Amino acid sequence: MVPYIAVAAVLFSLGLFGVLTRRNIIGILMSLELMFNAVNINLVAFNKFVWPGELTGQIFSLFIIVVAAAEAVVGLAIVLLLYRNWQDISNDNINVMKW
Amino acid sequence: MTEHTYLIVLLPLFSFLTIVFALRWKEMVSAVFSVGMIATSLLMSIMVLIETLGRHGDYYTAAFSIVELGTFKLQLGMVIDPLTAMMLVVVTTIGTCVEIYSIGYMKDDPRFSRFFAYLSLFLFSMLGLVISDNFFMTFIFWELVGLTSYLLIGFWFEKKSAADACKKAFLTTRVGDLGFIVGLMLIWFYCGTFNFTDVFAVIGAGTVPPIIVTFLAIGVFCGAVGKSAQFPLHTWLPDAMEGPTPVSSIVHSATMVAAGVYLVARTMSVFVASADASMVVAVIGIFTSLMAATIALVQVDIKRVLAYSTISQLGYMIMALGLYGVDTANGIHSPGFYAATFHLMTHAFFKSLLFMGAGSVIHAVHTNDIMEMGGLLKKMKITGPTFLIGSLSIAGIFPLAGFWSKDEIVAATFGHPIFTVLTLLIAFMTAFYMWRLCFLTFFGKPRVEHRYEHAHESPNTMSYPLIFLAFMAAVVGLVGVPWLPHGFASFLYHGEAYHPHWAWMNLGISIVFGGGGILLAYLMYIKGVISPDAMMNRFKPIYNFFYNKWYFDELYQAAIINPIMAIGRWMWTFDAKVIDGAVNGTAALTMWWADVKFWIDKWIVDGAVNGAGFIVRSMGALLKYLQTGRMQFYMIFSTVFIIIMILLKFEIAHIDLDWPVMTALFIAAIGLLSVAAKFVPDEVSQESENEK
Amino acid sequence: MDMFQIVLDELSARPVFWFLSIIMLVSGFMVVTLKNIFHSAIYLILCLFSVAGIFILLEAEFLAAAQVLIYVGAVAILMIFAIMLSTNVSGKKTMTTQNGLPVAIISAVFALGTIALVIMTKLNIVMRGSDGFISKGLWIGEKGQLPTENIMLIGKYLMTEYMLPFEVISVLLLASMIGAIALARNERS
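Chains A, B and C supply the protein sequences, listed in that same order. The first sequence: position 80 = 80 (our numbering), numbered continuously. In our numbering, each residue's number is its place in the second sequence (first place is 1) plus 1000. In our numbering, each residue's number is its place in the third sequence (first place is 1) plus 2000.
Treat each hint with caution, since some may be false.
Said to hold, decoys possible - Calculated pairs, DSS-like style, for lysine-lysine (alpha carbon to alpha carbon, straight line, at most 27 Å):
id, chain 1, residue 1, chain 2, residue 2
1, B, LYS1527, B, LYS1540
2, B, LYS1527, B, LYS1379
3, B, LYS1159, B, LYS1107
4, B, LYS1107, B, LYS1160
5, A, LYS98, B, LYS1624
6, B, LYS1678, A, LYS98
Derived by calculation from the structure, the hints in this document are not laboratory data. As the structure is a prediction and not an experimental result, all values here were calculated from the model.
Start from the sequences, fold in the hints, and give me the full structure.
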């Protein structure tokens, strides 16, 4: 089990790194997908190795996939809207909340 | 008819209201209407008198409550007894005469209608006073009489003297009313009722302390002193001559001054209960009478002579009432009450006659000064004889009205030698000054030609009332002749009926003194046997003393008015210096204290508030740099703290600090981070600009 | 102990897993580091495919299919669409840079370290101290026995025990769909 967890942890860290560094908002969304996938791997692995009698982990992963899809849809819609208004989707330039 | 007596009172009020609201612009109509109303009242009064005569001394009362507050019942009620019936007839008779007389006298006055309105109101007040059956209602009408007399005396208010006179009359009588109010308070406190019958019953029962009864009676008498112009409140009456002569006539005979005597007569039971109070009444009466008679001796203003004569005659009545009270309290049967009320009636007739006659004379010669008249009898064929009849009557010459009543007053003083002597002396002086007036006015040669030239008889509206009143002045006394089996004395009495007896001695003395006065006047002013000027020069100080009315006005000026003014001025100074000073000092102190509070407010309270604001603002200024607007910065931030929380949660890292230190560290860390975030260069945007 | 020998042993013990894992991690690294965002999207697809393979290794066949269908078939394609709508693919605009690199690297490494610490110390201890069902063997990679007909079971669970979450997630999907339409709708049309 440990290799699965370790690989998922690495993937999660990669996603986090991407979220923190990507300037393009679509890039950030893609990094987020990586993090979701890492979590899913974790859940499925724990389901198989720790609680094999039930399928809770898999079902929960399924829900996460759905939520991720919904998030991606809304997020990309926002991206399109931003692009329409700013002609730019670089998060640095979208800092109207700055003090 | 008796049960509808209130109509007698209400008709003049109706007349007043109608004139004020409807007839004000129709002068003759309002006058005739007013006369008609009072004449109707007169007729009804006569009917009431006849019915009262038929009841043989019983009285009729009717009352209804208008206010009931607990035990306090305010009632409007009327009592019809012989005194009331007599007063009703007298007041309405003289009222009618005066109103008819006024039609002629006030002919060209611009406020003709208003005069009749006032007269009607005046008569309403007096009639209400006469029929009221309790002290409270009496007091209300009492004040109404005062008010309307104020209006009438000041009717020609353009004249400063008239305006002053009405103020003086109002304020002086008000002094007496103060005593009256005190008396009313005592009555309420000790008797618990205002109804005459009940009050007399309570006082007659003897439960009220005698000293209280004395004070109570003197309090009520104070009111009478003011209204009836007795010493020391007599000074307003001569000044009231400034009003129109019909006003003087009615004020001096049947209404205003009669109100005082009437009040004492009405409340006689109270005085009977206190010999001391009655003695006070008698002494004040005789003193007033004597004083006024002496002043009247030397006056030259025709109306002033009559005014002092009125005061003198009222003093007579008051004295008689007082002596009746003294005698009754001592268990002696006295004719005083009957004498006083009898004299009140006869005096009302001959004094109103005299005033109207004087008014007629003034109307003819346009002066008040008797020294400028003379020989007017030839010119004034009606005024002259009627005036002489009135003068004979007041002098007490047989068989005119004044003779019979004055005779009884003299009889009332028997048993009090000093009073008898003074009464006879006053009777002598009365005859003298009245006939001095007559001789100077109507006999001899005219002293000022032009005044005599255009003197003329007055119009009929003025002369007919004179004739009627002269007739009354001559015969009205006959109702009280001693040999009449059911005369005045058996009709109007207090306590037990008094039966006057035929006393030749008494009558003789009366005629001797009256005739003596007339003879002296005749000798002095017609024959010139005794020179008035020589007498005047010989008794110069006494003459001046009398001529200046015993210096009462000056005395009051010096003793009362000036001190009051001085006190007023001192009060003003006190006000200006001390009270205002205190107020201003308080204000200054308040302002100083306000300054202190302002300082505290500004530097401490505001300082705290602003300090709180300043702290929040500076913290905000410090922490605002965290708001970079870049979401990845926020993400890093939250990531870092999530990591820290996980480490703490699973006890991988151990932080063992008290929570204040933790909090302080936390705040410090965030502050440092914020400051650091301020210096993070916005490199990316520069790059992206470069890219563009 | 020879480090290389240990790695070699491990790789030979689970060749398929490591093959998929390496593809996944490398492509993931490409996703977060490549300057061209379009290339990142392509690598994302590769990465998601490898995740699906790992799901199959973990006997989650249905999940693997859903992964391919939803992620690869829908989300990734949506990403590419978004990239193409918002940037000029042929031009320089698809190029992007990283910012805050040092902080990000530190954060990521710390996160990884934290997770590793949690796995290796805390969880292990907890599991070991529990009752016999959770044995140490599970933690070192021994397969448990999953129900053989798990696809059927998933369907059964979704319609019975997880009925309410299933419905809620459906509503969420609907809401996000409407939201996306409302947001991205062209105002002028």
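Results of checking the hints against the structure:
{"no.": "1", "hint": "B:LYS1527 x B:LYS1540", "verdict": "23 Å, holds"}
{"no.": "2", "hint": "B:LYS1527 x B:LYS1379", "verdict": "22 Å, holds"}
{"no.": "3", "hint": "B:LYS1159 x B:LYS1107", "verdict": "19 Å, holds"}
{"no.": "4", "hint": "B:LYS1107 x B:LYS1160", "verdict": "22 Å, holds"}
{"no.": "5", "hint": "A:LYS98 x B:LYS1624", "verdict": "9 Å, holds"}
{"no.": "6", "hint": "B:LYS1678 x A:LYS98", "verdict": "11 Å, holds"}
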